[in-house]
Amino acid sequence: MRVGVVIFPGSLDDVDATRAVRIAGGEAVPLWHGDSDLRGVDAVVLPGGFSYGDYLRCGAIARFAPVMTEVVERACGGMPVLGICNGFQVLCEAHLLPGALIRNDHRRFVCRDQRLRIESASTAWTSAYEPGQEIVVPLKNGEGGYVADERTLDRLEADGLVLARYLGWNPNGSARDIAGIANPAGNVVGLMPHPEHAVEPLCGPGTDGLGFFTSVLTLPAELSAWG
Amino acid sequence: MARVVVEVMLKPEILDPQGKAVHGALPRLGFDGVTDVRQGKRFELELDGDATPERLEQVRALAETVLSNPVIEDFSVRLDGEPQR
Numbered sequence: 045m046r047v048g049v050v051i052f053p054g055s056l057d058d059v060d061a062t063r064a065v066r067i068a069g070g071e072a073v074p075l076w077h078g079d080s081d082l083r084g085v086d087a088v089v090l091p092g093g094f095s096y097g098d099y100l101r102c103g104a105i106a107r108f109a110p111v112m113t114e115v116v117e118r119a120c121g122g123m124p125v126l127g128i129c130n131g132f133q134v135l136c137e138a139h140l141l142p143g144a145l146i147r148n149d150h151r152r153f154v155c156r157d158q159r160l161r162i163e164s165a166s167t168a169w170t171s172a173y174e175p176g177q178e179i180v181v182p183l184k185n186g187e188g189g190y191v192a193d194e195r196t197l198d199r200l201e202a203d204g205l206v207l208a209r210y211l212g213w214n215p216n217g218s219a220r221d222i223a224g225i226a227n228p229a230g231n232v233v234g235l236m237p238h239p240e241h242a243v244e245p246l247c248g249p250g251t252d253g254l255g256f257f258t259s260v261l262t263l264p265a266e267l268s269a270w271g
Numbered sequence: 277m278a279r280v281v282v283e284v285m286l287k288p289e290i291l292d293p294q295g296k297a298v299h300g301a302l303p304r305l306g307f308d309g310v311t312d313v314r315q316g317k318r319f320e321l322e323l324d325g326d327a328t329p330e331r332l333e334q335v336r337a338l339a340e341t342v343l344s345n346p347v348i349e350d351f352s353v354r355l356d357g358e359p360q361r
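Keeping their order, the protein sequence lines are chains A and B.
45 is the number of the first residue of the first sequence in our numbering; add one for each residue after it.
277 is the number of the first residue of the second sequence in our numbering; add one for each residue after it.
Careful, some of the hints might be misleading.
[To be verified] Cβ-Cβ distance ranges computed for the label pairs, FRET-style: (1) Phe153(A) with Glu358(B): 37 to 45 Å; (2) Gln315(B) with Arg66(A): 41 to 49 Å; (3) Ser352(B) with Cys247(A): 43 to 51 Å; (4) Glu244(A) with Leu302(B): 41 to 49 Å; (5) Thr262(A) with Glu320(B): 31 to 39 Å; (6) Thr113(A) with Pro288(B): 45 to 53 Å; (7) Leu211(A) with Gly325(B): 42 to 50 Å; (8) Arg318(B) with Ser166(A): 40 to 48 Å; (9) Glu320(B) with Glu201(A): 37 to 45 Å; (10) Gly78(A) with Arg314(B): 30 to 38 Å; (11) Glu117(A) with Gly325(B): 42 to 50 Å.
[Said to hold, decoys possible] To list a few chain B residues with every Cβ distance to chain A over 10 Å, as calculated: (12) Asp312; (13) Leu323; (14) Val342.
I should point out that these hints are in silico values taken from the structure, not numbers from a laboratory.
Quantities reported herein were computed from a predicted structural model and do not represent experimental measurements.
For every residue, glycine included, the Cβ atom is placed at its ideal position computed from N, Cα and C.
Please model the complete structure; the sequences and the hints are all you need to start from.
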């Protein structure tokens with residue numbers, strides 16, 4: 045399966061995301077923000093970083109990059125898309141996911157190994173996990189506080205779209221300890237922590253993050269044959 | 277030529293850590309009596325030609341789609357020199 049990794053000006057974690065795709069057994073395809081061609085990929089990762097310097101709002105300008113027109117269209121058609129950290133912010137700005145991410149409530153950048161509970165294993169990116177499974181992956185953000193109005197939060201909970209929750213300490217003030225969410229179809233996932241930094245025992249806290257990248261590879265052919 | 281001012285503020289119910297940080301610094305600088313600070317953004321858009329109602333409507337659309345995120349922010353649009361509504 046070909047998994048595209050988008051590179052915006054200011055992306056930081058595209059190389060690690062590319063490695064994670066390869067280690068999981070997929071073919072990683074770099075996608076340039078200025079291109080509108082998705083090069084025949086079956087899924088897309090929007091990596092972490094500071095696209096466009098976080099100017100205006102995190103992810104606000106990246107949302108209008110030429111590559112995003114195609115990503116949004118294909119995501120609406122069912123193509124799996126994973127937004128990590130800044131990628132999560134881009135997905136919210138693009139209205140592929142509800143809510144928004146604001147500055148951490150404690151006003152400091154946070155960088156730590158974070159314990160999470162996988163709440164939903166029925167998405168394109170979490171099928172390799174068991175519901176309720178606890179994992180540890182790095183977390184690093186300055187604007188990772190997930191917010192949405194109460195009605196949206198209730199709907200996310202009721203529909204099982206809260207994908208992962210922070211355990212132990214809420215590191216950024218996210219509503220209801222939400223670390224990641226999915227769209228109702230389960231193909232679009234946004235996650236503030238960084239599974240791509242936890243795919244090899246040598247670097248990072250372990251290999252708990254690898255499941256996100258192996259999950260998408262196990263999708264049925266009719267889904268992955270999109271385009 | 278016309279200048280249109282767009283102001284964007286976080287909605288009242290959204291936490292503003294930047295405003296809180298500024299507020300926290302004020303007593304250290306000897307400013308007393310400020311009970312709260314909220315920080316926002318001001319955009320000045322120079323228009324080529326007059327600010328017709330149609331063009332102001334375009335600016336409003338721009339403010340809603342790009343300059344602000346309606347999930348967390350409110351915005352106002354006015355001609356420069358006009359009193360704020």
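Against the structure, the hints come out as follows:
no.	hint	result
1	Phe153(A) with Glu358(B): 37 to 45 Å	40 Å, holds
2	Gln315(B) with Arg66(A): 41 to 49 Å	43 Å, holds
3	Ser352(B) with Cys247(A): 43 to 51 Å	48 Å, holds
4	Glu244(A) with Leu302(B): 41 to 49 Å	48 Å, holds
5	Thr262(A) with Glu320(B): 31 to 39 Å	52 Å, violated
6	Thr113(A) with Pro288(B): 45 to 53 Å	34 Å, violated
7	Leu211(A) with Gly325(B): 42 to 50 Å	57 Å, violated
8	Arg318(B) with Ser166(A): 40 to 48 Å	45 Å, holds
9	Glu320(B) with Glu201(A): 37 to 45 Å	42 Å, holds
10	Gly78(A) with Arg314(B): 30 to 38 Å	36 Å, holds
11	Glu117(A) with Gly325(B): 42 to 50 Å	35 Å, violated
12	Asp312	16 Å, holds
13	Leu323	20 Å, holds
14	Val342	7 Å, violated
In terms of the numbered hints stated before, the structure departs from hints 5, 6, 7, 11, 14, listed from lowest to highest.
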